[in-house]
Amino acid sequence: MDDCIVVDKGELRKAQVGAGVGNFIEWYDIGVYGYLAVTMTSVFTEGMDERMGLLVTLLGFAVSFIVRPLGGMILGPLGDRIGRRKVLFATMAIMAAATTGIGLLPTAGEVGLWVIIPLYFLKMLQGFSTGGEYSGAATYISEFSPDKNRGFMTSLLNSGSMLGFAAGASMVAVTTAVTTSMWGSSAMLDGGWRIPFLIALPLGIVAIVLRRRLPESPSFEVAHVKAGTQEVDPIFVRHNLPNIIKHYWPQIVIGCALIAADGSSGYMLTSYMPTYLETQVGSDAVHTAIAAVVVLVLLAAMIPLVARLSDRIGRRPIYAVATIGNLVLLVPAFALMQLGTLWSIYLAMFMVALPCAFFLALTAAVMSELFPTASRFGSVGVTHNLSISIFGGTTPLVSQILVETTGNLYAPAFYVIFFSAVALVALVKMRETAARPLLGSVPVVTSRAEAEKLVAGQDSDDRIDTSTMMLTQEPAPSEPVGAR
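The sequence shown: position 97 = 96 (numbering that gives the first Met the number 0), numbered continuously.
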């Protein structure tokens with residue numbers, strides 16, 4: 000019985016809210032920055048050629064992704080040493096300060112084009128904090144969640160992400176409508192653009208207060224005592240970055256393949272579809288924004304339902320549906336978009352979003368399940384941020400380049416299909432992880448009765464592998480696991 004963790008439901012709820020609010024704010028900022036891109040071009044690149052100015056503004060978005068892997072490489076291993084809670088507090092403070100700082104910047108008309116430098120610096124701070132934010136929140140919630148419903152518990156992070164993006168887009172729309180009706184068509188340029196960014200300050204304060212009260216992950220506390228010694232199996236050792244790559248490169252490759260498909264799908268839906276529909280299909284900007292918000296809210300509702308299903312039937316079948324869904328649905332979806340009607344746009348965006356729901360339902364859980372507790376934060380940070388920065392965040396740019404250079408309006412679909420095909424191959428090598436204890440951790444349950452039942456039947460339960468657990472009596476050394 001000493002080798003099971005009975006999680007307190009009240010503490011679990013506190014952990015979910017405290018961790019999830021950071022993801023919400025992160026995607027709120029992405030939504031605000033994306034939907035204010037044209038306005039910010041006028042604000043921060045006044046006097047510059049309009050097309051070049053837009054590229055300069057969008058480069059600020061790219062800059063944050065360039066820095067993300069650095070954040071994961073530094074903050075991840077740090078979280079394995081000093082604890083998940085402390086790093087999550089720091090990432091939230093940095094993110095809130097940087098987002099608020101953007102809203103306080105002077106304009107190019109006031110100080111000249113030099114203002115682009117602090118804008119990029121603040122975007123780099125956001126990217127750095129985001130590098131530790133998602134991987135830290137995913138690790139934290141995974142370690143806090145009971146094994147039997149870890150998928151559902153962690154999926155709420157990505158539901159919050161979609162709602163955060165929708166909230167950012169909605170805040171821009173509401174701010175634009177209110178300010179222009181009260182102060183005229185130039186209201187957003189005159190200062191209205193600051194409001195959505197400054198809203199991040201009270202949101203950030205609430206998040207920081209919540210995170211100060213977070214308990215530490217119980218799995219981390221159990222594993223932390225022995226994690227510094229080299230006299231145990233490698234999965235129980237807290238590794239630095241080079242050793243993470245040395246010991247867990249198979250899991251990193253599998254994770255990168257899955258995240259490439261996940262990220263390219265998600266960023267095509269959230270960041271490229273509005274541009275594609277307006278520039279290539281000729282859709283009205285207002286209708287496109289409304290369609291995006293509706294689809295994102297539906298997506299947020301679907302994610303936990305799919306995740307709950309994965310807790311019952313396994314992660315691999317859900318990933319198979321996601322990858323095959325992209326292979327089957329994306330080309331017909333892009334064909335529907337060319338009709339240009341309101342109903343065809345809604346249906347097409349839903350077809351693009353459907354596989355995304357299956358991907359996003361699993362991201363946080365599976366990335367955490369691939370790696371052992373002692374080095375989980377660092378391993379997830381490297382894997383997720385490297386792949387999402389190279390393949391996910393570049394999807395809008397690469398998709399637009401493909402359309403312009405090939406003249407093929409279906410090129411973005413083929414781009415995402417390629418990564419889905421690669422993920423399908425990687426899926427063959429991924430072990431099933433649903434309803435199993437995390438590597439390097441003992442089982443996490445919701446009651447003492449459940450723990451007693453689990454202990455009584457452990458010899459006949461193929462989900463229980465004591466060689467991967469930090470038991471009271473140290474197990475015999477074994478090879479690192481995580482891929483088959």
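It should be emphasised that the hints constitute simulated quantities derived from the structure, not laboratory data.
Incorrect hints may appear among the rest.
[Stated by the list, open to error] With a Cα cut of at most 30 Å, we get these calculated BS3-like pairs of lysine-lysine:
1. K245 to K452
2. K428 to K8
3. K245 to K428
4. K85 to K8
Here the structure is a predicted model, which is why all the values come from computation and not from measurement.
A quick look at each hint next to the structure:
no. : hint         : in the structure
1   : K245 to K452 : violated, 38 Å
2   : K428 to K8   : violated, 34 Å
3   : K245 to K428 : holds, 18 Å
4   : K85 to K8    : holds, 21 Å
Going down the numbered hints, you'll see the structure goes against 1 and 2, while the others check out.
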